[in-house]
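**Q** Here the protein sequences line up with chains H and L, keeping their order. The C-terminal position of the first sequence is numbered 534 in the numbering used here, with every residue numbered one higher than the one before it. The C-terminal position of the second sequence is numbered 323 in the numbering used here, with every residue numbered one higher than the one before it.
If you are wondering where the hints come from, they were derived from the structure by calculation, not from laboratory data. For each residue, glycine too, the CB sits at the ideal point set by N, CA and C. Any given hint could turn out to be false.
Negatives, chain H to chain L, calculated, CB over 12 Å [as the list claims (entries may be wrong)]:
1. D39
2. Q75
3. V84
4. R169
5. R235
6. G351
7. K478
With the C-beta cut set under 10 Å, the calculated list includes, among others, these residues of chain L facing chain H [claimed, not checked]:
8. M35
9. G44
10. L57
11. A156
12. G169
13. R277
Restraint-style ranges between C-beta atoms, simulated for each label pair [as the list claims (entries may be wrong)]:
14. H:N174 x L:G91: 18 to 28 Å
15. L:V72 x H:A470: 45 to 55 Å
16. H:F210 x L:V184: 36 to 46 Å
17. L:C17 x H:C415: 37 to 47 Å
18. L:M29 x H:R419: 14 to 24 Å
19. H:R100 x L:L284: 32 to 42 Å
20. H:P508 x L:V72: 53 to 63 Å
21. H:R419 x L:L246: 50 to 60 Å
22. L:Q64 x H:D530: 29 to 39 Å
23. L:F4 x H:K416: 53 to 63 Å
24. H:R298 x L:G137: 49 to 59 Å
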Amino acid sequence: MRRGVGLLLVCALAMGGAPPAAGQPTSQPSALRMAITRDEGALNPYTYQTGYPGWNLMTLIYEPLFTPDADNIPQPWLVRQYTVSQDGRTWTFALHPNIRWHDGRPFTADDVRFTYEYVRRNPHSRWTGQVRTIESIETSGPTGLTIRLNAPSSGFAAQPLADLPILPRHIWENVANPRQFNDVVGSGPYRLAEMRDGQFYRLVANDQYFAGRPKVRELVLPIIRDATVTFTALRAGEIDTTVRPLAPEVVAEFERAAGMRVARGAGYASTILQFNAEHPVLREPKLRVAIANAINTRLMVRLLLLGYGVVGSPGYIHPSSPFYNPAVTFTASKSRAVQLLNELNYVDRNGDGIRDLPDGAALRFTLLTLAGNPVRIRGADLIRSWLRDVGIDVRVVAQEDASIIAQVWPDFDVCKGRRFDMAVFGWSAPVMNRTTALRDLFHSDCRQGTINIGGYRNPALDRLGADLAAAVDPARQKQILFEMQKIVAADLPVHTLFYQDGIYAYRPDRHAAWVYQKGQGIVNKLSFIDPPRR
Amino acid sequence: MWRFVAGRGAQYLLVLCLTVILNFGLPRMMPGSPMVFLAGEDVGFLTPEQRAQLYALYGLDQPQWRQFVTYVGNLARGQLGYSFQRGRPIGEIVRERLPWTLGLVGTSLVLATFLGVALGAVSAWRRGSALDLGTLGVAMFFESVPSFWLGMIFIAVFAAHLGWFPIFGAGTAGAAFEGWGLVVDRARHLALPLATLTLITVPGMLLIMRYAMLGVLGEQYIATARAKGVPEGRVLRRHAVRNALLPVATVFMLNLGFVVSGATVVETVFSYPGLGRLLYEAVLNRDYPVLQSTFFIITVSVIAANVAADLLYPLIDPRVRRR
Numbered sequence: 001m002r003r004g005v006g007l008l009l010v011c012a013l014a015m016g017g018a019p020p021a022a023g024q025p026t027s028q029p030s031a032l033r034m035a036i037t038r039d040e041g042a043l044n045p046y047t048y049q050t051g052y053p054g055w056n057l058m059t060l061i062y063e064p065l066f067t068p069d070a071d072n073i074p075q076p077w078l079v080r081q082y083t084v085s086q087d088g089r090t091w092t093f094a095l096h097p098n099i100r101w102h103d104g105r106p107f108t109a110d111d112v113r114f115t116y117e118y119v120r121r122n123p124h125s126r127w128t129g130q131v132r133t134i135e136s137i138e139t140s141g142p143t144g145l146t147i148r149l150n151a152p153s154s155g156f157a158a159q160p161l162a163d164l165p166i167l168p169r170h171i172w173e174n175v176a177n178p179r180q181f182n183d184v185v186g187s188g189p190y191r192l193a194e195m196r197d198g199q200f201y202r203l204v205a206n207d208q209y210f211a212g213r214p215k216v217r218e219l220v221l222p223i224i225r226d227a228t229v230t231f232t233a234l235r236a237g238e239i240d241t242t243v244r245p246l247a248p249e250v251v252a253e254f255e256r257a258a259g260m261r262v263a264r265g266a267g268y269a270s271t272i273l274q275f276n277a278e279h280p281v282l283r284e285p286k287l288r289v290a291i292a293n294a295i296n297t298r299l300m301v302r303l304l305l306l307g308y309g310v311v312g313s314p315g316y317i318h319p320s321s322p323f324y325n326p327a328v329t330f331t332a333s334k335s336r337a338v339q340l341l342n343e344l345n346y347v348d349r350n351g352d353g354i355r356d357l358p359d360g361a362a363l364r365f366t367l368l369t370l371a372g373n374p375v376r377i378r379g380a381d382l383i384r385s386w387l388r389d390v391g392i393d394v395r396v397v398a399q400e401d402a403s404i405i406a407q408v409w410p411d412f413d414v415c416k417g418r419r420f421d422m423a424v425f426g427w428s429a430p431v432m433n434r435t436t437a438l439r440d441l442f443h444s445d446c447r448q449g450t451i452n453i454g455g456y457r458n459p460a461l462d463r464l465g466a467d468l469a470a471a472v473d474p475a476r477q478k479q480i481l482f483e484m485q486k487i488v489a490a491d492l493p494v495h496t497l498f499y500q501d502g503i504y505a506y507r508p509d510r511h512a513a514w515v516y517q518k519g520q521g522i523v524n525k526l527s528f529i530d531p532p533r534r
Numbered sequence: 001m002w003r004f005v006a007g008r009g010a011q012y013l014l015v016l017c018l019t020v021i022l023n024f025g026l027p028r029m030m031p032g033s034p035m036v037f038l039a040g041e042d043v044g045f046l047t048p049e050q051r052a053q054l055y056a057l058y059g060l061d062q063p064q065w066r067q068f069v070t071y072v073g074n075l076a077r078g079q080l081g082y083s084f085q086r087g088r089p090i091g092e093i094v095r096e097r098l099p100w101t102l103g104l105v106g107t108s109l110v111l112a113t114f115l116g117v118a119l120g121a122v123s124a125w126r127r128g129s130a131l132d133l134g135t136l137g138v139a140m141f142f143e144s145v146p147s148f149w150l151g152m153i154f155i156a157v158f159a160a161h162l163g164w165f166p167i168f169g170a171g172t173a174g175a176a177f178e179g180w181g182l183v184v185d186r187a188r189h190l191a192l193p194l195a196t197l198t199l200i201t202v203p204g205m206l207l208i209m210r211y212a213m214l215g216v217l218g219e220q221y222i223a224t225a226r227a228k229g230v231p232e233g234r235v236l237r238r239h240a241v242r243n244a245l246l247p248v249a250t251v252f253m254l255n256l257g258f259v260v261s262g263a264t265v266v267e268t269v270f271s272y273p274g275l276g277r278l279l280y281e282a283v284l285n286r287d288y289p290v291l292q293s294t295f296f297i298i299t300v301s302v303i304a305a306n307v308a309a310d311l312l313y314p315l316i317d318p319r320v321r322r323r
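The following block holds chain H by itself, in its conformation from the complex (with noise of 0.2 Å):
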């Protein structure tokens, strides 16, 4: 019998996985091991899954035109020169020269067509909207092409120049289903050697590629899923680095630890209170202004990220990011949140120390948090008790993610309205990112507000938002969003309460090149490789 369970612990050993297919480099003791949180899919355009790190690895395999660099401005990358013409309807590229799929053959301007009329075709969430703007496409030789739109875009360069992958022509033309081809040749400085589910992925370096070799030769990237784990493995040596951002609590015993280094900035993901602008009561701005007055939000930056972060701005733009605009500020004053509740004419008219409203309802709000956050929760109830200290009566409600976007969001497309009246959200850090974000948040027509969930609805702000989506001149972009964060401080649809800092914690002597950019962290293509010469 004892024979017997040694001879099912051997078959189980041998069953698990067969060893790597013939031609395929084994592991060299170099690979640099950074842990990811879960599966990306075969790592290619269709089926990767998270937006960081998931497209940020994605594009070390599959590369877009341009790359966003540590500012998070879109350089050309694959492009050596280009010219926009005078209306900014016309875009024109040339190629390097030099380019090489994985699999060999040349990479040309005829794929780039060919990737962008797929994405038209074969609809993707990120990059199908993306392409709307684009009237035609031409091609004149293996490197030029001629982008015309149908209208000036001010977001272009950023999406999707910078965003949307290049697929090869040759392998992609006869894929009718993207989502179930799990194809992995691409172009760019890595290329994917091994792939287990729920294993782990192995990068090897192109070292074919036309802007030189990239610095690390070989990236492992395991699967672990607990947190505690993944920082065990890191303190231990088994993982030189990971995407999981530390804990405000452990940042200081990892800047201690010997052999670690942190790296820290900015982090573009916001924390706000989400008003719903379509609510009787919540549609007075004003009322939402006092509101915003009694929440301290540099208190909460302290108590919650123990100063990880950054206080919110009421504009919503993180004051790190270059369309910030510094004359937007706000300091919340309790006796400015009573002054305009009286003023308002919501008293305690029965005693119970709620105000009450001129038609003699309590002034009561709901408040929902996300169940899974502690960060969240713990804000949510510093809110709560702020509030009641200027007579507003507020029940936090914590649910699991898909019960607080079927209140907020329902099937996440704010046409279908919402029912709620006060949320504790977030945006990821893509958003500020993206060139009309103060359009997305909150345009009132909801197919452009595609994110306004508040339902908040300003014709000025409306007006900016058409210009901003049509300027392609960044002053002039600039001048716009000005004046978009200028009215968005003044209505506050949302008030911003945070934005909490990346930190990342690395084992220098493994890999000390990561560039940290800014907002999102240090997995991205230039903590592998220099951007090409022109």
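Given chain H, put chain L in place with the hints provided.
**A** Chain L only, in chain H's frame:
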């Protein structure tokens, strides 16, 4: 005999049909739509047309009954379909993951049964002794600790602090071992999850065995055997343990069916690529096809284990033999 077989067969068929219906219905009754997982984080920037197009691509625009017909039709043809999230055939994913789960949970079940039987028998044999009380105390402890906590402690002590075992994974990520090197690497990675899972499974087995043994030890034939002068060791092994094994065998068979469902918590803590984690991730991602398929596979194996138990019982215990 044939009536019995037909009756049992009909019962299992009914269970199977009910499972197919529940497998389809339950995931769809969970709050939340798979949209965000189909569309990714850019779900907010889709136009309503694109959203509709995406739903249509996965057949989610169809009425529920039609989706059900498609699902049953595919199942009948042995097609498990494609994972929403992974874009790969589910059969392929399950084939990759099943060996890990069988290796971990199957080995653990066998180990836990042997340990449980041995310790339970000794414990009952020495009832009331310090050995019995000590064993019971330790068993109660492991019965009540959460598996993730035990796993974390093992990781902290045996992996991070002492460095005897790796911290995560089922093999060294990206390394290509062959022959003995491969077996050693796998075994080192298996050790801690296996120990965790076994330690939390042993107490259940132990308590059942001890209880059954106490019953048997009070029987007349044990007294008779002793009176006849049968040596104590022989009384224990031949007369007592054998007769006390039946309840343990029942629990073993029941657990055997659930082996394929994996050990979600342990697999997650140790980043072990088993079916339990696949199932858990499918729930989080509302990956309906994966949920349907894995639940279906689990049901089939539970039924198969039951059938096997039905067939094995008469061999283990002559009293349940029928004509």
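**Q** Now look at each hint and say whether the structure bears it out.
**A** Do the hints match the structure? See the list:
Distance check on H:D39: its Cβ comes as close as 6 Å (rounded) to a Cβ of chain L, failing to clear the 12 Å threshold; non-interface status is violated. The beta carbon of H:Q75 sits about 22 Å from the closest Cβ of chain L, which is more than 12 Å, so the claim that it is off the interface holds. With a closest Cβ-Cβ approach of about 24 Å to chain L, H:V84 is found to remain outside the 12 Å limit, as its non-interface label requires. Chain L leaves H:R169 outside its interface by the beta-carbon criterion, the shortest separation being 20 Å against a cut-off of 12 Å.
Not every CB of chain L lies more than 12 Å from the CB of H:R235, the least distance being 7 Å, so the non-interface label is violated. Annotated as non-interface, H:G351 keeps its C-beta farther than 12 Å from every C-beta of chain L; the closest such distance is 40 Å. Against chain L, the non-interface label of H:K478 holds: every CB pair exceeds 12 Å, the least being about 22 Å. Below 10 Å, beta-carbon pairs count as interface contacts, and L:M35 has one with chain H at about 6 Å; its hint therefore holds.
The interface hint given for L:G44 is met, as the beta carbon of that residue sits about 4 Å from the closest beta carbon of chain H, less than 10 Å. The restraint placing L:L57 at the interface with chain H holds, with a minimum CB-CB distance near 7 Å, inside the 10 Å limit. Residue-level restraint check for L:A156 holds (minimum Cβ-Cβ distance to chain H is 7 Å; threshold 10 Å). Below 10 Å, beta-carbon pairs count as interface contacts, and L:G169 has one with chain H at about 6 Å; its hint therefore holds.
A hinted interface residue such as L:R277 counts as satisfied when its beta carbon comes closer than 10 Å to some beta carbon of chain H; here the least separation is about 6 Å, so the hint holds. A hinted range of 18 to 28 Å holds for the C-beta pair H:N174 and L:G91, which are about 24 Å apart. Judged by the Cβ atoms, the range 45 to 55 Å given for L:V72 and H:A470 holds: they are separated by roughly 52 Å. At roughly 42 Å, the beta carbons of H:F210 and L:V184 sit within the given window of 36 to 46 Å.
For L:C17 paired with H:C415, a C-beta distance near 40 Å keeps the hint of 37 to 47 Å intact. About 20 Å separates the C-beta atoms of L:M29 and H:R419, a value consistent with the hinted range of 14 to 24 Å. Checked against the given bound of 32 to 42 Å, the beta carbons of H:R100 and L:L284, roughly 39 Å apart, stay inside it. Against the hinted window of 53 to 63 Å, the Cβ-Cβ separation of H:P508 and L:V72 comes to about 57 Å, which satisfies the hint.
A beta carbon spacing of about 58 Å between H:R419 and L:L246 agrees with the range 50 to 60 Å that was offered as a hint. Our hint of 29 to 39 Å for L:Q64 and H:D530 is violated, since their Cβ atoms are close to 54 Å apart. Between L:F4 and H:K416 the C-beta distance comes to about 56 Å, which sits within the given range of 53 to 63 Å. Distance hint for H:R298 and L:G137: a CB-CB separation of about 53 Å, consistent with the stated range 49 to 59 Å.
The structure fails hints 1, 5 and 22 (numbered hints given earlier, in ascending order).
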